[in-house]
Amino acid sequence: MKNVDQSYQQLNEHAQAHLNKPLFDSISEVTDIVIVGAGLSGLAAAKQLSDNNEYQFKVYEAKSRVGGRTINQALKDNRENEHIVDGGAQWIGPTHVAMHDLIKELRLNTFLTPQVGESLQFDAPEPPLQQELNALRAQLNQLAAHLPMRAPWLARSAKEWDEITVLQWMQRAQFSPEAIQELDYSVQTFLAASISDISFFYLLFYIRSAGSIEQLEDLNNGAQDSLIKEGAQSISIELRKRINAQLNFDAVVSVDDYDTFTLVTLQSGQVTLCQKVIFAMMPSLLKNIRFSPALSAEKLALIDNWNTSVGSIKAHILFNKPFWREQGLSGISFLPNEAFSSTFDCTRTNSDAGALTVFVNGSAEMRALTITERRERVLSQLSQLFGPLALEAIDYVEMDWMSEPFQQGCESPLNVNVLSNFGKELRTPHGNVYFCGTETAEVWSGYMEGAVTAGYRAAGEVETALNESRVV
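Be aware that the sequence shown starts at 13, since it is given in the working numbering, and climbs by one per residue.
Misleading hints may appear alongside valid ones.
Said to hold, decoys possible - Below are the DSSO-like pairs computed for lysine-lysine, each with C-alpha atoms no more than 30 angstroms apart in a straight line:
hint: 1; residue 1: K75; residue 2: K333
hint: 2; residue 1: K33; residue 2: K253
hint: 3; residue 1: K88; residue 2: K33
hint: 4; residue 1: K70; residue 2: K333
hint: 5; residue 1: K75; residue 2: K299
hint: 6; residue 1: K88; residue 2: K253
To be clear, the hints were calculated from the coordinates, so they are not data collected in a lab.
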């Protein structure tokens with residue numbers, strides 16, 4: 013550990029030389045690094061800094077909890093036993109190496125997504141349509157493979173592809189209406205938006221980041237392969253216990269960068285003096301922070317144009333048993349209806365009860381209902397798929413990310429002319445300010461894996477910068 017007291021003395025001297033006395037006297041905390049956001053990305057950055065044990069840091073979180081877009085929810089059975097489910101990010105795949113390493117280190121457990129039995133979906137495509145879909149996926153994978161992993165906006169056709177939606181590309185390529193509908197259903201499952209609202213270039217980037225469209229779609233060996241038994245938020249809860257830092261639940265409202273030092277002001281009025289700042293959040297949330305000097309025009313354009321999906325309301329339902337299995341069904345359905353778009357079996361291993369994840373339609377009509385009314389409508393539709401036992405739910409919980417404080421949805425399905433024009437600003441530091449969050453990840457952007465690796469990257473960038481400009 014370097015001489016912290018000496019470092020802070022020099023930081024104080026820099027601040028005292030540049031600030032008027034009232035502002036200098038308002039400083040109540042001094043540290044090397046401030047991390048803004050205690051989701052997976054921010055806490056991954058904190059973990060790396062703590063493991064390396066070279067610089068002091070503090071973490072500030074606007075919500076009253078850690079976990080960001082992961083949250084454990086509890087379903088209660090008739091004996092008041094709690095069954096943990098994921099109100100936010102839920103699944104991990106075998107190629108999510110950083111996540112699996114973290115889960116192992118934190119002594120958490122995973123289990124395979126239950127899928128024994130028949131899945132309910134539209135009739136399997138006839139051979140001509142299946143051949144067309146195979147060709148479509150192969151073409152998407154081939155085009156995506158040409159994107160530079162670190163800087164996809166440098167691709168020769170980036171601007172051209174970013175000017176059109178996925179739907180427009182498919183129409184120009186003369187894919188059949190049936191193939192268009194199939195891809196639309198697929199994309200909605202992992203981006204929570206229609207292909208009429210998503211940039212074709214952004215879809216290619218998303219595919220490139222995951223490795224293939226099959227990786228995005230699949231359960232077996234794909235992005236939906238496994239779940240965390242203790243709930244995905246447990247990663248952040250455990251990291252909070254292990255990091256060597258003081259975590260404050262307070263919102264950052266401004267960052268003033270004076271080159272040799274930085275001031276971070278909280279909603280409570282507390283002012284922290286530090287050297288570097290890491291923002292770990294969805295890009296669109298940065299518009300709530302005042303920066304001095306102001307962010308570049310390109311960074312502001314990225315923030316202003318960053319889409320967040322209205323998406324689904326995520327519901328979980330508990331039953332006395334996974335009754336669908338007795339019918340030879342997996343609990344998985346892809347039959348969009350007026351109440352929901354898809355269902356998954358999320359029953360924990362060795363549990364007598366049965367649990368379903370249901371992606372409830374986020375339409376204005378469904379959002380206008382009370383939670384009791386939505387529950388009734390969802391159960392009614394479930395009974396048409398799985399039979400009358402679906403009406404005998406024990407418990408029901410929801411998570412609507414559009415109503416979550418300090419959050420704007422969960423997914424980021426970008427529209428046209430954003431990524432190619434402003435994507436390079438995702439990871440570009442702004443003076444002493446650095447950026448992470450799953451949207452900044454090169455690999456598995458949008459997933460928990462991307463959040464963790466982005467946090468590690470940002471921590472490494474800050475450590476490198478501090479090592480190169482040591483004040484002691």
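How the hints compare with the structure:
1. K75 to K333: violated, 35 angstroms
2. K33 to K253: Violated, at about 37 angstroms.
3. K88 to K33: violated, 56 angstroms
4. K70 to K333: Measuring from Cα to Cα gives roughly 45 angstroms; hence the hint is violated.
5. K75 to K299: Holds, at about 17 angstroms.
6. K88 to K253: Cα-Cα ~26 angstroms, so holds.
Hint check: violations occur at hints 1, 2, 3 and 4; the rest are consistent with the structure.
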